[in-house]
Amino acid sequence: MSPKKRARHYWLMKSEPDKYPFSALESEPSGKTMWDGVRNYQARNMMRDEMKVGDGVLFYHSNAKPPGIRGLAEIVTEGYTDQSAFDPDDAHFDPKSDPEKPRWVHVDISAIAPFNELISLQALKDNPRLDGMEVIRKGSRLSVQPVSEREWGEVLKMAGYKGKTSL
DNA sequence: GCCAACGTTGGC
DNA sequence: GCCAACGTTGGC
972 MSPKKRARHY WLMKSEPDKY PFSALESEPS GKTMWDGVRN YQARNMMRDE
1022 MKVGDGVLFY HSNAKPPGIR GLAEIVTEGY TDQSAFDPDD AHFDPKSDPE
1072 KPRWVHVDIS AIAPFNELIS LQALKDNPRL DGMEVIRKGS RLSVQPVSER
1122 EWGEVLKMAG YKGKTSL
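The first sequence: position 31 = 1002 (the working numbering), numbered continuously.
Just so you know, not all the hints are guaranteed correct.
What the hints assert, rightly or not - The calculated lysine-lysine pairs, modelled on PhoX-like cross-linking and capped at a C-alpha distance of 25 Å, are:
hint : residue 1 : residue 2
1    : Lys1109   : Lys990
2    : Lys1133   : Lys1096
3    : Lys1003   : Lys990
4    : Lys1036   : Lys1109
5    : Lys1003   : Lys1067
6    : Lys1128   : Lys1036
7    : Lys975    : Lys1023
8    : Lys1109   : Lys1096
9    : Lys976    : Lys1135
10   : Lys1036   : Lys976
11   : Lys1133   : Lys1109
12   : Lys1096   : Lys1128
Unchecked claim - Label pairs and their in silico Cβ distance ranges:
hint : residue 1 : residue 2 : range
13   : Arg1121   : Gln1013   : 17 to 23 Å
14   : Pro992    : Asp1069   : 30 to 36 Å
15   : Asp1069   : Arg1108   : 33 to 39 Å
What the hints contain is simulated information worked out from the structure, not anything from laboratory work.
Quick caveat: nothing in here was measured; it's all calculated off a predicted structure.
The beta-carbon is built from N, C-alpha and C at its ideal position, and this holds for glycine as well.
Full structure from sequences and hints, please.
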């Protein structure tokens, strides 16, 4: 029996454009960035246990005017130790993360392409086909969220996106 | 194990 | 700047 190939999974990842906009990811010299500094167990668990190379990412601008999805990215590594947790000078330093038993994990992501226009949070809320999508739920704070294949397709449709959907 | 206090997120 | 909705911490 040949092993069944895992279906592609989809995610939404938030970033504050004042700190790290989608354009910064696009202009990374290495073509990718370490998605480090996440200090939330649910988000960590998804990065550690569920994300696989090739998974699709909706790159979301939070704390923005307006907030919304800016473009597409892709997971390019599986989860590995977040070294920033050990650095006392890092904003996300965690004295409880022991290098012998690291607590925090991150993945690397690369940009696929920006949308021509931001798909605003309001536009997502206004689309009845996206009822139940996590990012539009009141109080939704998780910086890494699963996205269904249907939601992924619908967002691309809203964006009028005709480009490639994976690297 | 409960839960109040506190800190953070993030839309508005 | 406000505040609702969380997640975490720590006393008990």
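Here is what the structure says about each hint:
Simply put, Lys1109 and Lys990 have alpha-carbon atoms about 24 Å apart, close enough for the 25 Å limit, and the pair holds. A hinted pair counts as satisfied when its Cα atoms are at most 25 Å apart, and Lys1133 with Lys1096 qualifies at roughly 23 Å. At roughly 16 Å between alpha-carbon atoms, Lys1003 and Lys990 fall within 25 Å of each other, so this suggested pair holds. For the hint pairing Lys1036 with Lys1109, the CA-to-CA distance comes to about 18 Å; that is within 25 Å, so the pair holds.
At roughly 28 Å between alpha-carbon atoms, Lys1003 and Lys1067 are farther apart than 25 Å, so this suggested pair is violated. Using a Cα cut-off of 25 Å, the hinted pair Lys1128 and Lys1036 holds, with the two alpha carbons roughly 22 Å apart. For the suggested pair Lys975 and Lys1023, the alpha carbons sit about 15 Å apart, so the restraint of at most 25 Å is met. For the hint linking Lys1109 to Lys1096, the alpha-carbon distance of about 11 Å falls within 25 Å, and the restraint holds.
The hinted pair formed by Lys976 and Lys1135 meets the criterion: a straight-line CA distance of about 21 Å does not exceed 25 Å. Taking the CA atoms of Lys1036 and Lys976, the gap is near 40 Å; set against the 25 Å cutoff, the hint is violated. Taking the CA atoms of Lys1133 and Lys1109, the gap is near 31 Å; set against the 25 Å cutoff, the hint is violated. Between Lys1096 and Lys1128 the alpha-carbon distance is near 15 Å, which keeps this suggested pair within the 25 Å criterion.
Distance hint for Arg1121 and Gln1013: a CB-CB separation of about 22 Å, consistent with the stated range 17 to 23 Å. Between Pro992 and Asp1069 the Cβ separation comes to about 33 Å, which falls inside the hinted range of 30 to 36 Å. The supplied range of 33 to 39 Å is met by Asp1069 and Arg1108, whose beta-carbon atoms lie about 35 Å from each other.
Taken one by one, the earlier hints fail for this structure at numbers 5, 10 and 11, listed in ascending order.
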